[in-house]
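*Asks:* Can you build the whole structure from these sequences, using the hints too?
Chains as they are written, first to last, in the working numbering: chain A, 1 to 297; chain B, 1 to 240.
Treat the hints as calculated values from the structure; they're not laboratory data. Treat the hints with care, since some could be wrong.
Partial selection, computed: residues in chain A whose CB lies under 8 Å from chain B [stated by the list, open to error]:
| hint | residue |
| --- | --- |
| 1 | E180 |
| 2 | D181 |
| 3 | D183 |
Quick caveat: nothing in here was measured; it's all calculated off a predicted structure. Idealized CB from N, CA, C, for every residue including glycine.
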Amino acid sequence: MFNLPPPDILLQLSLNGALGGAMYGVAAVGLSLIFGTMRLIFLAQGAMIILAAYFVRALFYGLGIDSFLSLLIVVPVGLGVGWLLYQGLFRRAAAEADRNVSLLIAVGLMFLVQNLMTVVWGGNTAAVVTSYTATGIELFGVRTSFTRSMGFLIALAGTGLVVLFLRRTIIGKAVRAASEDMDAATLMGISPHRVNAIAFAIGISLAGAAGVAVATTFPFNPFAGFIFSLKALVALALGGIGNVGGALAGGILLGLIEAYVQFFISGGWTNAIAYGVFLLVLMFKPEGLFSRPYKKA
Amino acid sequence: MANPLLEVSDLEVAYGDVGALWGVSLHVDPGTIVAIVGANGAGKTTLLRTVSGLLTPKAGDIRLAGQSLVGKAPEAIARLGIAHVPEGRGLFRQMTVLENLELGAFQPKARPRTKELLDKAYALFPRLKERAQQKAGSLSGGEQQMLAIARATMSEPSLLILDEPSLGLSPLVVQQMFALIQTLHGQGVTILLVEQNIHQALKVADYAFVLKTGSLAMQGTGAELIADPEIQKAYMGVLE
Chain A
1 MFNLPPPDIL LQLSLNGALG GAMYGVAAVG LSLIFGTMRL IFLAQGAMII
51 LAAYFVRALF YGLGIDSFLS LLIVVPVGLG VGWLLYQGLF RRAAAEADRN
101 VSLLIAVGLM FLVQNLMTVV WGGNTAAVVT SYTATGIELF GVRTSFTRSM
151 GFLIALAGTG LVVLFLRRTI IGKAVRAASE DMDAATLMGI SPHRVNAIAF
201 AIGISLAGAA GVAVATTFPF NPFAGFIFSL KALVALALGG IGNVGGALAG
251 GILLGLIEAY VQFFISGGWT NAIAYGVFLL VLMFKPEGLF SRPYKKA
Chain B
1 MANPLLEVSD LEVAYGDVGA LWGVSLHVDP GTIVAIVGAN GAGKTTLLRT
51 VSGLLTPKAG DIRLAGQSLV GKAPEAIARL GIAHVPEGRG LFRQMTVLEN
101 LELGAFQPKA RPRTKELLDK AYALFPRLKE RAQQKAGSLS GGEQQMLAIA
151 RATMSEPSLL ILDEPSLGLS PLVVQQMFAL IQTLHGQGVT ILLVEQNIHQ
201 ALKVADYAFV LKTGSLAMQG TGAELIADPE IQKAYMGVLE
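*Replies:* This is the structure in structure tokens:
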């Protein structure tokens, strides 16, 4: 049908796809954590990423703070904002067995944030243009963008830190326990509100990290976040819900799929195929591509 | 009688409009094994879940060492000294044996002493030490039950609640389980036990309560009830 392009083009495609997909991945890691303890699909995650991107832009143009350096501000602020969001907006709804209230709050929050951003920064496309925006670097003999590579590193580091937290600290273990069986976790003396708030804090700080990656790489507008939430959801389904490393891998895989579709078929098909894959995975491998099916005793 | 450790008075619990417990009163004295026995659906598990805060009673009171537990969240009740091994064990199956045990000592009172408590648990359950790095879900049924009990002892509870510890286990493992319960009892742990294996439960229990469709039908020492002709007829006929 069509001839395979030369290997260097394939490598270029794969690299670009993987680097871009890591950003879906880091958004998906946040979704995965919040879904884990709360059984809530936090649809506002994308809006929070864009909000963080605007914040990074304000830090850059307002105070002259380098965008990668602003991670040191954005990530702690994200932790605080996430904690407050949970305590202020979700705490009461989380006590209800019915998750629809929490979901509606997330949707409401998404629209509120989108519209507030429009009021404050206008609806036009914004970008952060720095001295290194157009800089290229060489990776595996292929030229790629410096900012995309940094975004990839941020995603990798963010996910790595979350995995370390979940595996090595007792609070992280409590979060995993609560994700697996909240009733049993409470019998250990683990407070649901505490683990929920921790999951939210980390989820939003990851949105902050993703915001840095987005701000330095792409132009963005207040409404770009929703697509991000959807893509993160696809990455989550690919990686397996409740599997943090899988969520990052799912994002990278989604990035690869998009890059290949764009090259071999056409850009117009990218989203249709991404969501098609989403449905196929949910239908045939709902536990995700990277989870072993778990035998029940 | 001296002050009971756990005192349940006139407890009523309902699922929506459907009543599950009507006016149940019972007590557990410190250092004893108390069994609650009865047929399937008699309300045994409901009673335990209400004590540990997973269910909220409609009426009545539950007191631990004099302090009312009604309206408290399960995590708060756990911190007051109740360790509940629920029906189905409530293990974190995707986590390792060691991680499950560490979480048993999650509460602030026990956490700083996790290492010491872990050594104690391993002394009682050497099998779990061998399997420390294995996922809890990969253990055999008997080992899982041992892990669930070991995890509960990690908080050094004043009251250990066991819901059907023998469920689904082979007869040999059931024997080991009851031997273990007696060992824990020998160490001074107060135990509230729910069992369908009525004969075994009455044999180890200092005192027992018989629940029948949500109400208390009978009570007495384990020895008294085991000898009771009505109990023998109603619950142990198949065992004779």
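*Asks:* Is the shortest C-beta separation between D183 of chain A and chain B less than 8 Å?
*Replies:* 6 Å, holds
*Asks:* Against chain B, with CB atoms and a cut of 8 Å, does the hint on E180 of chain A hold up?
*Replies:* 5 Å, holds
*Asks:* Any CB of chain B closer than 8 Å to the CB of D181 of chain A?
*Replies:* 6 Å, holds
Taken one by one, the earlier hints all hold for this structure without exception.
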